[in-house]
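Please put together the full structure from these sequences, using the hints given.
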Amino acid sequence: MHPHPVDEDSRLSLWRRVREYAVPPTTIETATARRRSGDWAGACAAARVDVDLRLRDLTRT
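Position one of the sequence shown corresponds to residue 2 (the working numbering), numbered consecutively onward.
Since the hints were derived computationally from the structure, they do not count as laboratory data.
Please note: incorrect hints may appear among the correct ones.
As the list claims (entries may be wrong) - Label-pair ranges, simulated between beta-carbon atoms:
hint	residue 1	residue 2	range
1	Arg20	Thr60	33 to 39 Å
2	Asp53	Glu30	22 to 28 Å
3	Leu54	Ala34	34 to 40 Å
4	Ser11	Arg61	28 to 34 Å
5	Val19	Cys45	18 to 24 Å
C-beta: ideal position from N, C-alpha, C; glycine also.
And the structure:
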């Protein structure tokens with residue numbers, strides 16, 4: 002069963018408000034700038050995302 006358009010609009014409106022206040026614009030800007038420059042680890046750090054990944058474990062031997 003598909004939701005009514007009114008319900009869909011209400012949810013979209015709610016998530017827009019959540020997104021507006023949940024993540025500071027400076028955090029998004031910093032993470033985006035680092036990602037665009039190729040610094041994925043810096044982008045994750047700026048976004049406060051903890052990545053437990055060791056690239057050496059992924060290389061082929």
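Range agreement (Cβ of Cys45 with Cβ of Val19, hint 18 to 24 Å): Taking Cβ atoms as reference, Val19 and Cys45 lie about 21 Å apart, which means the hint holds.
With 28 to 34 Å as the target window, see if Ser11 and Arg61 comply at their CB atoms. 50 Å, violated
Quick check on a hinted range of 34 to 40 Å for Leu54 and Ala34, using CB atoms only. 21 Å, violated
Could you check the hint for me, namely that Arg20 and Thr60 are 33 to 39 Å apart, CB to CB? For Arg20 and Thr60 the Cβ distance comes to about 37 Å; the hint holds.
Starting from the range 22 to 28 Å, see whether the pair Asp53 and Glu30 falls in it by beta-carbon distance. 25 Å, holds
When the structure is compared with the earlier hints, violations turn up for hints 3 and 4 and for no others.
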